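Engineer: Sequence:
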Amino acid sequence: MKENNNLSLSDLSDSTILRENESILSLLLKDHTTGKNIKWGTDSYINHGYSFRDDQEIKIDLITGWYEGFIRPRVDKDIDIQLERQRNRAEVFTPSWVIKLQVDAALEDMEKLPLTDFLKTKWLEITCGEAPYMVNRYDMETGEVIPLKDRAGFIDVKFKKLNEAIESEEEWLKLAVEIYKASYGYEYQGDSLLLARENLILTFIDNYFYMFGAFPKEKILLEITKIISLNVFQMDGLTYEVPYSDGGLEESGTQLNLFEEVEVKEYITPELATLKLWQKNKLVEVKKMSEREDKSMKFDVVIGNPPYQVADGGAQSSAKPVYHHFVEAGMQISSNYLTLIIPTRWYVGGKGLNEFRHNMLTNNHIKELHDFLDPKDVFPNTNIRGGVCYFLWDANYDNSEGTRVVTYKNKEVVSDVQRPLQIEGVDIFIRDSKATEILVKIMDDNFNSFSQIVSSRKPFGFATNFTKDARYHKEPHALKSPVLCYSKAFSIGYIEDEEIRINRQWIKNWKVYTPYANNIGTELADDNLNAYLGEPDTICTETYLVIGGDLELTCESATNLTKYLETKFLRYLLSLAKSSHHATSNTYRFVPLQNFDAKSDINWSATVEDISHQLYKKYNLNQDEVSHIEKSIKGME
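The sequence shown finishes on residue 636 if you use numbering that gives the first Met the number 0, and the numbering steps up by one all the way, no holes.
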């Protein structure tokens, strides 16, 4: 019995236990959709030969014998491989404490069910990697085995309930089988999928030994392993296809010859991934589950950490987001709950995310939104500007009375309120819950947005790398009509006047330059929104935006405008519409336009700090609101 169990969990944690049993290992490598083995699905091993290509099957002899220990958990992989997979497949692993938060959120009402009903609830972990949301066997950051009582995966939670309630081995085994029949996951990369499947069967062994003090018999191990191999499968979550099941030639005896014409063969049609619906006792295509309304073909809970982006050949900031597709698919295949952790870029921007943002903000079933201001609180070794969040979508919840919005900073809850996701007339999510009343006071009937005097990107048509262009000169001497051009780090060069084709009317005007990229609205120090006077006969590259180019500014009023940009008042309002370094004219949408000349109701000759307080008073902000802004924004360096 469990009180006599003296075997350390670490003794049961080595996957060699499974890889020494060829029958079990054959099942762990099985792809029931194709009838073949799962594919590598990654080029991390390609240096070892053709058989290790991403489109090749994982064979037993490639992971045993000389290759024993070849496939390792991500935490044990070389750093360069970790970074490569993070870039190319968005492989980011979730800490155990966040997994527990998400699992607990979905469990809130489900744990009230009778034991058997609870154990039979169907859960799916999307893009499961090594399956931490299913079985939280080891810490994804350190690799240390987690004690059984502290594991937070949904299978772990079910086993805790089972272990507390049932002591009969026969009844326990019967219900353990039901746990696995109701537990699903999919993964693209074959090495991670194998580790996930192994983690699931090792979790069964862990719990069996905890309860009965012995190693389970091979018959039950084979039964559980077969269930796992049917339920935890290889799939591209964006297409529902088995990876590398298309694009190859149909098998035939024809030999390709470099010197003769050969017959063109038909390409294989992509195979759609299938899974086993045990209550119907049949294999079904996952794609069909998303297309049908039949609740018996849905999951009670869909959970996980989806890929965030796919590389498009540019820098990380220009990569194409994909996480919203997994959110949308999750809502289609869940009958009750969906909880995913994703970047917060969708709050205010992101490539191709406008429709997704609208759908999220107007979705009546978003029950909770947990907002981490600093992404490094969750993913310490990644660069996800703007933060991350996880949400709980509940098909039976109506958020007409509000959504619970919890805000975290330094892993501590700094705000926990019930509020609408969307403010009337605002098409983005305002993550600062205290900002809503401030905006109501500022955006009255007489509101004119500062954004209307902010230029678009590349205000004069010159990119950042214009400094390498033949038209850019470090000295003005050889030019007929030189115009000074500010570029990165406010370095100076010159261009011929006639080469400037865009916004020529601004050349002779006083104006203000401010960097297109700044830290406002990100987790980094927000004290770098510098503003520079733009004298007549100057222009800039896209490093800067132009402000006030059409205002007919004087040196004095342009100076006043730069002071306005330095106030905590303006920088706070700017932060509400920003989640990355990039500051477009649209990010200034909540900033009210002021009169910058001598007739202004603001005394611009005062200090920047005093000007902020004049603005607080002008818009009737109370002391709590003023204190909130002052604490939220750093003073300028």
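Watch out, some of these pointers could steer you wrong.
Derived pair list, reagent style DSS-like, types lysine-lysine, alpha-carbon separation capped at 30 Å [unchecked claim]:
no. : residue 1 : residue 2
1   : Lys479    : Lys507
2   : Lys408    : Lys630
3   : Lys350    : Lys433
4   : Lys159    : Lys180
5   : Lys440    : Lys160
6   : Lys287    : Lys297
7   : Lys457    : Lys473
8   : Lys148    : Lys225
9   : Lys173    : Lys225
10  : Lys319    : Lys180
11  : Lys58     : Lys160
12  : Lys433    : Lys99
13  : Lys216    : Lys119
14  : Lys29     : Lys350
15  : Lys630    : Lys616
16  : Lys294    : Lys159
Distance windows between CB atoms, simulated [unchecked claim]:
no. : residue 1 : residue 2 : range
17  : Asp42     : Asn358    : 14 to 24 Å
18  : Glu327    : Phe214    : 41 to 51 Å
19  : Pro146    : Lys467    : 21 to 31 Å
20  : Lys148    : Phe214    : 31 to 41 Å
21  : Val309    : Gly424    : 46 to 56 Å
22  : Pro475    : Val309    : 16 to 26 Å
23  : Phe69     : Glu354    : 21 to 31 Å
24  : Ser448    : Met330    : 46 to 56 Å
25  : Asp54     : Lys319    : 48 to 58 Å
26  : Gln504    : Ser599    : 20 to 30 Å
27  : Val425    : Asn46     : 14 to 24 Å
28  : Lys617    : Thr381    : 48 to 58 Å
The hints are simulated quantities; they were obtained by calculation from the structure and are not laboratory data.
None of these values were measured; they are calculated from a predicted model.
Every residue gets a Cβ at the ideal spot worked out from N, C-alpha and C, and that includes glycine.
Engineer: Does each hint fit the structure? Answer for all of them.
Structural biologist: Right, here's what the structure says about each hint:
1. Pair hint Lys479 plus Lys507 holds up; C-alpha atoms about 17 Å apart against a cutoff of 30 Å.
2. For the proposed pair Lys408 and Lys630, the alpha carbon gap of about 13 Å is at most 30 Å, so the pair holds.
3. Under the criterion of a C-alpha separation no larger than 30 Å, the hint pairing Lys350 with Lys433 is consistent with the structure, at around 28 Å.
4. Note on Lys159 and Lys180: the hinted pairing holds, with a Cα-Cα distance of about 17 Å set against a maximum of 30 Å.
5. For the hint pairing Lys440 with Lys160, the CA-to-CA distance comes to about 52 Å; that exceeds 30 Å, so the pair is violated.
6. With a CA separation close to 10 Å, the supplied pair Lys287 and Lys297 stays within the 30 Å bound.
7. Restraint check for Lys457 and Lys473: the C-alpha separation of about 20 Å stays at or below 30 Å, so the hint holds.
8. Taking the CA atoms of Lys148 and Lys225, the gap is near 26 Å; set against the 30 Å cutoff, the hint holds.
9. For the proposed pair Lys173 and Lys225, the alpha carbon gap of about 15 Å is at most 30 Å, so the pair holds.
10. Between Lys319 and Lys180 the alpha-carbon distance is near 36 Å, which puts this suggested pair outside the 30 Å criterion.
11. Between Lys58 and Lys160 the alpha-carbon distance is near 37 Å, which puts this suggested pair outside the 30 Å criterion.
12. Between Lys433 and Lys99 the CA atoms are separated by roughly 28 Å; this keeps the pair inside 30 Å, and the hint holds.
13. The straight-line distance between the Cα atoms of Lys216 and Lys119 is roughly 24 Å, inside the 30 Å bound, and the hint therefore holds.
14. Proposed proximity of Lys29 and Lys350 is contradicted: the alpha carbons are some 38 Å apart, above 30 Å.
15. For a cut-off of 30 Å, the pair hint linking Lys630 to Lys616 stands: about 17 Å separates their Cα positions.
16. With a CA separation close to 27 Å, the supplied pair Lys294 and Lys159 stays within the 30 Å bound.
17. Restraint check, Asp42 to Asn358: a C-beta distance of roughly 35 Å breaks the suggested window 14 to 24 Å.
18. One distance hint, 41 to 51 Å for the beta-carbon pair Glu327 and Phe214, holds here, with the actual separation near 44 Å.
19. For Pro146 and Lys467, the Cβ-Cβ distance of about 58 Å falls outside the hinted range of 21 to 31 Å, so the restraint is violated.
20. Between Lys148 and Phe214 the beta carbons are some 21 Å apart, a value that contradicts the proposed interval 31 to 41 Å.
21. For Val309 and Gly424, the hinted distance range of 46 to 56 Å is not satisfied, since their beta carbons lie about 34 Å from each other.
22. As the Cβ distance of Pro475 to Val309 is approximately 45 Å, the hint placing it in 16 to 26 Å is violated.
23. Taking 21 to 31 Å as the suggested C-beta distance range, the pair Phe69 and Glu354 does not conform, at roughly 43 Å.
24. Checked against the hint of 46 to 56 Å, the pair Ser448 and Met330 fails, with Cβ atoms roughly 34 Å apart.
25. Our hint of 48 to 58 Å for Asp54 and Lys319 is violated, since their Cβ atoms are close to 23 Å apart.
26. Against the hinted window of 20 to 30 Å, the Cβ-Cβ separation of Gln504 and Ser599 comes to about 24 Å, which satisfies the hint.
27. Look at Val425 against Asn46: about 52 Å separates their beta carbons, and that is not inside 14 to 24 Å.
28. Lys617 and Thr381 have their C-beta atoms about 41 Å apart, which leaves the hinted 48 to 58 Å range violated.
When held up to the earlier numbered hints, the structure conflicts with 5, 10, 11, 14, 17, 19, 20, 21, 22, 23, 24, 25, 27, 28 and fits the remainder.
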